[in-house]
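Peer 1: What follows is the residue order along each chain.
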Amino acid sequence: MKINNLTVQGFRGFNDKKSMNFHDKLTIILAPNSYGKTSISEAFEWLLYGKTSRVEKADSKEEFKGSYRNIHFPEKSVPFVEITFLKNDNSEVKYCSKLNNSETIKRFVDDKEVKSWPLDYDLSKIPKPFILQHALKYLLLVKPDERFQSFALILGLEELNLFHKDIVSFCTKTDTCIPTDVKTLISNIDNIECRVQRVKSLENIAKEFKKESLNFNNINSAIINECGKVVGSGIANNQIFQKLKEIRENKISKYFKGNLQILEYSKEELKENLEEEKFFFSCISQDTIKKYTDLIALSTFQFILEKAAFFDMGVNFLEKDKKECPFCGQDIDENIVEHIKSNHRNLLKEKKKTEDLQNQKNEVLGIYEKLKSRLNKYNDRQIEKSKAFLNLDLNILEKLKDIFYPDNEKYYKTIKGIYKKNNELVKNIVNSKGDVIDSIETIKKSIEESKEDSKLIKDLGENISAYLSNINLYIKFVMSKNLDSVEADKILQGKLDEKAGTEDISVLIDLVGQLKNIKKKIKILAILNSLKQFRKIIDQYVTSKVLEIISGELTSEVMKWYSQIKTDGDPDVHFSGFDIERTKKGELKARRVQIKARSYDKELVSAVSSLSESKLNALGLCVSIAINFKGDSPFDFLIIDDPIQSWDSEHETQFIEIIRNLIEKGKQVILLSHNAQWIGMVRKGCRTINGRFYEITGYTKKGPELLESPWISWKARLQEVDAILKDNRASIVRLQQAEEEIRLAICDITSDIFYNKKKIIKNPGNFNSTIVRKLLIECGVNSNLIDRIYQTFETTDESHHPSISYTTQRQRIKKYHGWCHELAQYLEK
Amino acid sequence: MTKEIIKQYIDEISEKLKDQYHRRLIQAYDKEKPLISLESELEKILLEVMSSEDQ
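Residue numbers (numbering that gives the first Met the number 0), protein chains in the order written: chain D, 0 to 828; chain R, 0 to 54.
Chain D extracted, bound-state conformation:
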């Protein structure tokens, strides 16, 4: 797509609505600084991308808030930018962006609102058709990582860049994903290693731990060797641990036996406690109470059982002789027989009920037996936690005082405190447990004696509650004192080892006990350390991918453009290609794009440090141009804003050739500059293109004052023709150029004549022979002259191009030249 028209209102430097038409090849906009020139390139950028690169790259976006809207533009009005594009099929399409108060944008295509531009391209992935003043800064003169990112973006490797950044970020901060269990394991083994370092006799083991590359087998062998020195030969490996402990226990036992640790509760143990307590309470539930109280009925049924047995016998006798009563021997009739049998049947039913109750009695007895048994086990499990303290007495405490004092007085006090409190809590538990057991026994007795009483269950319930309340206090105590006791015990064991000379054995016990964990730690560290290699491989992969493109294709493309800017007089200090920095070993350095330069066949440190500012500018331009020709894009235009920074005149001239080449390659160039002299050279150098030329002649609150001026003045054109005609060696191409200049001059003169006569501006760029003829007639120009002027167009098409078979002639040009001057005289009238 090319740009036909730009209309702007209320955006950046533009307040009033302004419209500009663009030439399909070259449009130049000349403006002094601060006259709104950059607002034009920003208008294009903002419409296409929703933001400008200046804002995008700003460190502080706050400073640019509200900056798209012209400050003088009425508050209620809506700023907009509208571009009419010319598509490849020569149809037009109008894109419009409107800026809402909330800084959001509404987009319209041919006046219909759209969510995004209907382009078959992701605009973020194709090169932007802009070469802006600050483009160089963000491409070359930035930190290496930013440069890499910029290159990745423009080479279409943004995905690769982001992927790489993710991997680097991950490899740099693995601490956050190490699970707590793993960290704890590593920390525990680290502690053991520290202790190993402190024991001189274990230096062989210490050496193994200090090696950069840990080998578990070597560590294991060193440990087993040292253990062998302590336990003697002939002890199997799986018995070493036990043997070491025995040896140590033996040696320290004269000072102290056992340990001072209150054992902590695991989650499973606490869960089990809850299950048990649930069971305890189920023994005093309504259901159990009912089963218990039902048993009261058992006492009244004893008589029934006996009676049933009596009637069983009677019915048996009746079977033998139905006429005689089995109880008194008298004669009986059928009615009495039936009466006896009926009583018997009823008694059997009652007997069944009694048997059921009997079973229930056994069941209830079983419940309370189980309660007693489980309560005992539950109780033992709890008390086990502070067993170490239960084994203490005042004598032992005195011994401990000698061991702890004076350096570790506070630990002794901790131990003493735990001992006292533990005794108190355990005593309460024992007492309350006793009450529960008594209650259970009382209930059992009441069942045996058929003297059930629901109050007994109530008492049991109260005793269980009191007992569990004491247990809860105890559990809280255990959980709060576990760590203190472990710490104190650690000090104690250390002191005991000192006294008994068993430090080395103590460390060996820990090492042997933790062999599996040592192995795990080594493996874990190996995995974590290997991430350096992981990152390196990916660094190399990513960098190779970038290198492939920049050192080959990109370098070659940039060189093509760069070589066009070089002049004969240039010192031989030039850009020589793109590369990736390398280490001393020749490996690629990640994310370090190098811009190379050479000076008289010698490689320089870098282009950035060696090339002059103007050459760097030129290089930045060439990179931007090369990128724009790379790959597919819907845009056939290139907006170049102030390209020649710090350039001398020779290089400025060379760039004009670049502009011509861009146009020849099919690009529509829109060139903005403040350099009037250079722009004059561009127009002259691109004279035959006959593009559009705008000047911003002033700037007020309303915005820039735009004036479209002739590409080249007709006088200058005719002077050029004159020069060509005087040159006898002028080639056919030059003669053709002269003819074209004459026609263009005629169009300009016609436009001026028409303006003088009618005060209406007509664009000479759109003139053809018919239009020229018509306008001249309207202006009253001599008809003979009009015919002759018309004749000058005979050998060209509507675009003033001569036909293929046409051959230019010096004489004819001279004639046309004269007619042109004749027509120009009408401007003086």
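Just so you know, the hints here were simulated from the structure itself, not pulled from any lab data.
Treat the hints with care, since some could be wrong.
[Unchecked claim] Capping the alpha-carbon separation at 25 angstroms, the derived lysine-lysine pairs in DSS-like fashion look like this:
| no. | chain 1 | residue 1 | chain 2 | residue 2 |
| --- | --- | --- | --- | --- |
| 1 | D | LYS535 | R | LYS2 |
| 2 | R | LYS43 | D | LYS277 |
| 3 | D | LYS535 | R | LYS6 |
| 4 | D | LYS515 | R | LYS15 |
| 5 | D | LYS124 | R | LYS32 |
| 6 | D | LYS584 | R | LYS15 |
| 7 | R | LYS43 | D | LYS172 |
| 8 | R | LYS2 | D | LYS164 |
| 9 | D | LYS584 | D | LYS559 |
| 10 | R | LYS17 | D | LYS544 |
| 11 | D | LYS535 | R | LYS43 |
| 12 | R | LYS15 | D | LYS172 |
| 13 | D | LYS544 | R | LYS30 |
| 14 | D | LYS531 | R | LYS17 |
| 15 | R | LYS17 | D | LYS584 |
| 16 | D | LYS164 | R | LYS6 |
| 17 | D | LYS522 | R | LYS43 |
| 18 | D | LYS244 | D | LYS498 |
| 19 | R | LYS15 | D | LYS583 |
| 20 | D | LYS306 | D | LYS376 |
| 21 | R | LYS2 | D | LYS124 |
| 22 | D | LYS565 | D | LYS601 |
| 23 | R | LYS30 | D | LYS531 |
| 24 | D | LYS535 | R | LYS15 |
| 25 | D | LYS164 | R | LYS43 |
| 26 | D | LYS535 | R | LYS30 |
| 27 | R | LYS15 | D | LYS164 |
| 28 | R | LYS43 | D | LYS266 |
| 29 | D | LYS588 | R | LYS15 |
| 30 | R | LYS6 | D | LYS544 |
[What the hints assert, rightly or not] Stretch-level coverage of chain D by chain R, calculated; a stretch enters the list once three of its residues show a Cβ under 8 angstroms from a Cβ in chain R:
| no. | stretch |
| --- | --- |
| 31 | 174 to 183 |
| 32 | 514 to 523 |
[Unchecked claim] Some, not all, of what chain R presents toward chain D, calculated at C-beta under 8 angstroms:
| no. | residue |
| --- | --- |
| 33 | LEU24 |
| 34 | LEU37 |
| 35 | MET49 |
From the three backbone atoms N, C-alpha and C, an ideal C-beta is built for every residue, glycine too.
Given the coordinates of chain D, assemble chain R onto it according to the supplied hints.
Peer 2: Coordinates of chain R only, in the frame set by chain D:
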């Protein structure tokens, strides 16, 4: 398109990785949640080491 490009990178890199854990890590990469996916896989690997040595 992006997913396919990333998959291509991952496959090419996988061929260069000799370490099984590295291959697992790179295969676990998810563009939608890159750091989470990698950290999660590393966590899994470390926990496997913790539990596998007990056997």
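Peer 1: Between LYS43(R) and LYS172(D), does the CA-CA distance stay at or below 25 angstroms?
Peer 2: holds, 16 angstroms
Peer 1: Has the given pair, LYS164(D) with LYS6(R), been kept, meaning a C-alpha gap of at most 25 angstroms?
Peer 2: Holds. LYS164(D) to LYS6(R) sits at ~16 angstroms (cutoff 25 angstroms).
Peer 1: Compare the distance between the alpha carbons of LYS584(D) and LYS559(D) with 25 angstroms, and conclude whether the hinted pair is satisfied.
Peer 2: Distance ~32 angstroms between LYS584(D) and LYS559(D) Cα, so the pair is violated.
Peer 1: Are the Cα atoms of LYS43(R) and LYS266(D) separated by 25 angstroms or less?
Peer 2: holds, 23 angstroms
Peer 1: For the pair we were handed, LYS15(R) and LYS172(D), check the Cα-Cα distance against 25 angstroms.
Peer 2: holds, 23 angstroms
Peer 1: Checking one constraint from the list: CA of LYS15(R) to CA of LYS164(D), max 25 angstroms. Satisfied?
Peer 2: Between LYS15(R) and LYS164(D) the Cα gap is close to 19 angstroms, so the pair holds against 25 angstroms.
Peer 1: Hint check: LYS17(R) vs LYS544(D), CA-CA at most 25 angstroms. Holds or violated?
Peer 2: holds, 20 angstroms
Peer 1: For a C-alpha distance cap of 25 angstroms, please report whether LYS535(D) and LYS43(R) respect it.
Peer 2: Judged against 25 angstroms, a Cα distance of about 22 angstroms means the pair holds.
Peer 1: Within 25 angstroms, alpha carbon to alpha carbon, are LYS2(R) and LYS164(D)?
Peer 2: Judged against 25 angstroms, a Cα distance of about 17 angstroms means the pair holds.
Peer 1: The stretch 174 to 183 of chain D covered by chain R? Criterion: 3 or more residues, Cβ-Cβ distance below 8 angstroms.
Peer 2: holds (count 6)
Peer 1: Checking one constraint from the list: CA of LYS565(D) to CA of LYS601(D), max 25 angstroms. Satisfied?
Peer 2: Answer holds: LYS565(D) to LYS601(D) is near 18 angstroms, not above 25 angstroms.
Peer 1: With the threshold set at 25 angstroms, check whether the alpha-carbon distance from LYS2(R) to LYS124(D) stays at or below it.
Peer 2: holds, 15 angstroms
Hints 2, 4, 9, 20, counting from the list given before, are not met by this structure.
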